[in-house]
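Trainee: Chains as they are written, first to last, in our numbering: chain L, 4 to 353; chain D, 4 to 353; chain E, 271 to 618; chain C, 271 to 618.
These aren't lab readings, by the way, just hints derived from the structure by calculation. Backbone N, C-alpha and C define an ideal beta-carbon position, used for all residues, glycine too. Keep in mind that a hint or two might mislead.
Claimed, not checked - Now the in silico label distances, taken between C-beta atoms and shown as ranges: (1) E:R446 to C:R545: 52 to 60 Å; (2) C:E313 to E:R486: 45 to 53 Å; (3) E:S596 to D:E197: 24 to 32 Å; (4) C:E553 to E:R446: 35 to 43 Å; (5) E:E540 to D:G42: 18 to 26 Å; (6) E:R486 to D:N181: 43 to 51 Å.
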Amino acid sequence: MRELKYFQAVHEATDLCMAADPSVYVIGLGVTDPKGVFGTTLGLEQKYGGGRVMDMPCAENGMTGVVLGSALAGMRPIMVHQRIDFALLAMEQIVNQAAKWHFMFGGRKSAPLVIRLLVGRGWGQGPQHSQSLHSWFAHVPGLKVVMPSTPQDAKGLLISAVEDDNPVIFIEHRWLHNITGPVPEGMYRAPIGEARVLRRGEDVSIVALSHMALEAHRAAQTLAREGIEAEVIDPRSIRPFDERTVIESVRRTGRLLVADTSWRHAGFAAEIVARVAEELGSRLKCPPRRIGLPECPTPTSPALASEFYPTAADIVSAACEMVQARTGRPAAAAAPHFSDVPDPSFTGPF
Amino acid sequence: MRELKYFQAVHEATDLCMAADPSVYVIGLGVTDPKGVFGTTLGLEQKYGGGRVMDMPCAENGMTGVVLGSALAGMRPIMVHQRIDFALLAMEQIVNQAAKWHFMFGGRKSAPLVIRLLVGRGWGQGPQHSQSLHSWFAHVPGLKVVMPSTPQDAKGLLISAVEDDNPVIFIEHRWLHNITGPVPEGMYRAPIGEARVLRRGEDVSIVALSHMALEAHRAAQTLAREGIEAEVIDPRSIRPFDERTVIESVRRTGRLLVADTSWRHAGFAAEIVARVAEELGSRLKCPPRRIGLPECPTPTSPALASEFYPTAADIVSAACEMVQARTGRPAAAAAPHFSDVPDPSFTGPF
Amino acid sequence: MSTLNSVGAQTEVQAHKKLARRLFRSMLRIRLVEEGVAQRYAEQQMRCPVHLCIGQEAVAAGVCDLLSADDQVMSTHRAHGHYLAKGGNLPAMLAEMYGKSTGCSSGMGGSMHLVDLEAGFLGAAPIVGSTIPIAVGVAFGSLLRGEDRVVTAFFGEGATEEGAFHEALNFAALKRLPVLFVCENNLYSVYSPLSVRQPPGREVFRLAAGHGIESRRGDGNDVSEVHAVAEEALQRIRSGAGPVFLEFGTYRWREHCGPNYDNHIGYRTEEEFRRWRTLCPIERSRQRGLEEGWLADAEVDRWSDEIRAELAAAMDFARSSPFPESRTMLDAVYVERKSPTSAKRRAA
Amino acid sequence: MSTLNSVGAQTEVQAHKKLARRLFRSMLRIRLVEEGVAQRYAEQQMRCPVHLCIGQEAVAAGVCDLLSADDQVMSTHRAHGHYLAKGGNLPAMLAEMYGKSTGCSSGMGGSMHLVDLEAGFLGAAPIVGSTIPIAVGVAFGSLLRGEDRVVTAFFGEGATEEGAFHEALNFAALKRLPVLFVCENNLYSVYSPLSVRQPPGREVFRLAAGHGIESRRGDGNDVSEVHAVAEEALQRIRSGAGPVFLEFGTYRWREHCGPNYDNHIGYRTEEEFRRWRTLCPIERSRQRGLEEGWLADAEVDRWSDEIRAELAAAMDFARSSPFPESRTMLDAVYVERKSPTSAKRRAA
Ligand SMILES: Cc1ncc(C[n+]2csc(CCOP(=O)(O)OP(=O)(O)O)c2C)c(N)n1
Ligand SMILES: Cc1ncc(C[n+]2csc(CCOP(=O)(O)OP(=O)(O)O)c2C)c(N)n1
Ligand SMILES: [Mg+2]
Ligand SMILES: [Mg+2]
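Generate the whole structure from the sequences, applying the supplied hints.
Mentor: Listed below in structure tokens is the structure:
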């Protein structure tokens, strides 16, 4: 199958949805600019015109209300906030209004809108440009929340999100935009609410969200060399959440390791652990574990990036401990001086 | 010991803090009005003057920034939002700014502020006046989050919160304001980050937040009549969270039942279950359970209140199931027609 | 020529009278419904917060008279008058307040979440300021779809303190959207007077002017002035000249939330209330009608009877309707897509 | 009399010259530091987003010259100039950009989170608009404490689109707070021109006027005009007349974020950039200095050498400083209370 980068997959999904339905439009700070939100909206204004792809004032709260209103009027907006951190300004409109619109008017009107939220990371994004607050949205009935980890799912889930008549939060991790993977041509949908098993294995179930799914996949390869077969599951959607796939997996492996892109405390990893504990209780071979960020805001110094962000190596050592195999961290490949970028092509200032 | 109502305890704590420290001031919509935020700020303007107890414009976001700025200038503000739902407008200032101020400037300046957030319930508060989003705040490093369930702890924790040099979120459930309990005189502190064991028991540990602690206590009494001794724990603080008290309790009882005032999915109850599962794993006698709201916004119709809000009866039947005793719901005391008020004195319009 | 002129003048006079009578009846209907709600409220069967608009009827009546069913209205916690004036279904409104399945929001929303899509009343919600950008978005969406309609956002002066208000105004001005912003300045936000919320001497409508938006203030207790000012505004908006902001001074008679009077509790004076009571929009209109001869007291009585009968029937409907089944609350969270376009798209 | 007068006039001329030289040197220092940062940035050792203010130096220099160390300043993502002009520590700023423990925020914040409490630079943060209400709060808190100081909030014209800006202005006007709002209108928010964000023909400073706040606009590339306008504003503020809003037109020369020029990527024209370049605030000031005789080219060279030496030393300090230890990030989250007042209060 043809390979695309994640950002290209997001772009292609947007393009196809716009071609298929004239009510789909794209709005957000910078969606028409020369960077095109890390390439995801590049050229769409030229193709569909300024009436369908448009910049906006710096007013996240009000503009989310505007976007909601336009959805009530029959449009299908795709709104983009370049960081979740900026969308904190818009929580009222997202959570009180959009999420509840259908409910609070007794189902008379739905609010079909997609809000793309980007999780920043690297090159000193620091405390206010890197939060991964997906668990907040997952807590809110009325929203659907997806956070695909592969180009194929990015495309399939964005198409599903745009076609969904409910408000859908679509979370993209900045370190996924440049990964490459097979992406089918044309319109296809990834179902919202179904997990994807990225890798089969019998020894431990690693449930990993967004960018951590990538790290988990890497970890699984290392683990395989140590004789440990990890099953890697990307929930893809955290509301609705496909607990069956996770629980069936853990029922087989008896071990659950969850890796999240956010803080552990009161984060979504807790929900995954809780679901499994409620269902499988004492049938686990060892206590479940969570991997997440240390309980502090994101430090800016590049020297602290490797302390702050867990990686495949952390997943490997946790998994090793859980199966009571060798617990040593596998020798890391010659580490770059700083761990604040995913690859050498990722440089500042952004 | 002298008995006070919860709202009086909040009032007394505020009064004492204001008397002890001239930099403490109170600000919020309606704090000076004839209702005085359900009595909690009544008369304070008269006592301390309009320069220390003040109303404000309808501008939750900006005013939270103002309050933060005043804290940086050396004041110790107590801000009140009459509903958490309104504070959704202020998430940016609370989470990006106040929570991170000390961290992001390398500890050069702290932001000693208290934000009182009220959880609405009853008399048709409906979808936008009744959310209990404490788990959001608990997720954020830099904040402390308390939600006392007794008058004594309301006073002790509010004093601790005001004296704390960090931003503290103080969550009050509307159905607690009128409960009565012993409250010591004078200044005393309840430590932030220590759970309170409300009742000792050996059969099941019920960890219950805010108003659910009250329901859990009621449930425990019913359970005792059935021969089941429940331990009831009010965490009081959910960031920092006193996992030791909970884990030690469950280690003894072997059973964990968590009751939260919010939705289960991605809520704080998941964190409690996860902590216990990580620590005690397969040593539990039965799978842990959570009680929370059904996964929908709050319906307004009084007829749906009893369907929406879990009560002591739900805790009783869950606990019975867990200890494999009789599982029937105990005959409820002659139920009022509507379950949308805590007691007959609680009438609309608010 | 002179004959024609006088015929024209006569027609105009007739039209004026007809309009004045229509506005009067619209206000009267709002008043009587609100009073009916207030009366029944004490029975504690309408178990949700209600924000009555008694005293403020002229703004709703005067503005909504100028709107077609296709024009859209959005409002706030204090929405009853706007809903009724825009043609919202009365029985469904009352049933909503009683939390019944026949309510306009199927009992999910209560008094603070009114809706009547057929009447072009798109929704009301009680978070101060938040429906203003949504209303602007409806206008924007309509524009994108090539639909020709005006969207009116009603709100109180408290809402102009919220950032959302300003963000909405900036966008409406930027895109020259067909939005009528109607601010009912009743001097209070709950119990808080303007003096603790906005700088002295800076009139509310100046805020809109700051955004470059055409703005005016008028007497919100004079329904013909409201109508005249709104008519001019709507002409301007329909001509494509962009949004207009109107501030109407008015006064709420009863407590912020609930059915009672509360002048004794101390946030405002009985005297202030009495002064405003003499400016009752309905009484002023009645006086003028009697003077100008387009109204007779007998007619007022007849209309009152008609409205009371309508209200009684609506109350009966509301009170006898069933409560929603518990399943409905979970069913109402999400919509599953059933629209034909999606089927078509999926087939493609 | 005439002798006295002429002595007075002479003193005034001297003072003017001294001021002009000071402002020039302040701008020059900002420029050279920013250019130094730009040059070093390519080495990829300053690993955080930097927003250079090259081209906009006059606003920082002209305003901050009028502030005492006790007056407070807050800023945004584009803070280097404000920090330096307010007397912020240069080595600590550079060390912060390098993520070092000796940085002004101990490496936790980077270029977007500058602070120097001794200099009265209370903090900068990159969420657009958010530091404006915080600055207003600092003024409010100071007022409550009976302290006499002016707080200046610097921000871009993009920030005036945020609701937080309006909420802050309303409160500042309501309480007549001693706040100087300084908007640097550089025509762009990232790559977005004003035309897609604000209505045509509505000048930015009109927004503040709408709030009833005294407001003016000035040439942000003319440091003496900035100084004069700000001086008048500060006099007014210090007299207790409440806040003032100033809009200064200016232009950023380099890319929004980062060290390079980006006129080729398409969001603005090379021609527009060139036009603004001829309005370089430093060059204009230099020309005037040469004409008016308060500056000599030799002196500019000497100052440049001084500043370059200072910069080189600061760079050395920053580059040779150690990185923070990993423990520091967890230690910096909360403060444990050590203040004597609390001990006293606890004992009580
Ligand atoms: C964001 C928000 N803050 C506070 C409230 C509480 N509240 C409900 S109605 C109201 C008064 C608003 O005043 P105004 O806009 O003038 O409307 P009025 O009640 O006078 O019609 C307030 C503050 C709310 N609903 N939403
Ligand atoms: C709330 C928020 N929205 C968006 C951004 C992204 N952003 C960073 S700087 C900037 C430009 C702001 O423009 P302006 O205020 O004019 O300042 P300038 O960069 O021109 O100095 C934007 C949009 C942000 N940091 N915060
Ligand atoms: Mg009002
Ligand atoms: Mg700008």
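Trainee: Determine whether the Cβ-Cβ distance between C:E313 and E:R486 falls within the hinted range of 45 to 53 Å.
Mentor: With a Cβ separation near 60 Å, C:E313 and E:R486 fall outside 45 to 53 Å, so the hint is violated.
Trainee: Could you tell me whether the CB distance from C:E553 to E:R446 stays inside 35 to 43 Å?
Mentor: Given range 35 to 43 Å: holds, Cβ gap about 40 Å.
Trainee: Would you say the C-beta atoms of E:R446 and C:R545 sit inside 52 to 60 Å of each other?
Mentor: 29 Å, violated
Trainee: That 43 to 51 Å hint for E:R486 and D:N181 (C-beta), does it hold up?
Mentor: 47 Å, holds
Trainee: Holds or violated: the 18 to 26 Å window for the beta-carbon distance between E:E540 and D:G42?
Mentor: Holds, at about 24 Å.
Trainee: Quick one: are E:S596 and D:E197 within 24 to 32 Å, going by C-beta?
Mentor: 39 Å, violated
In this structure, the earlier hints numbered 1, 2 and 3 are contradicted, and the remaining ones agree with it.
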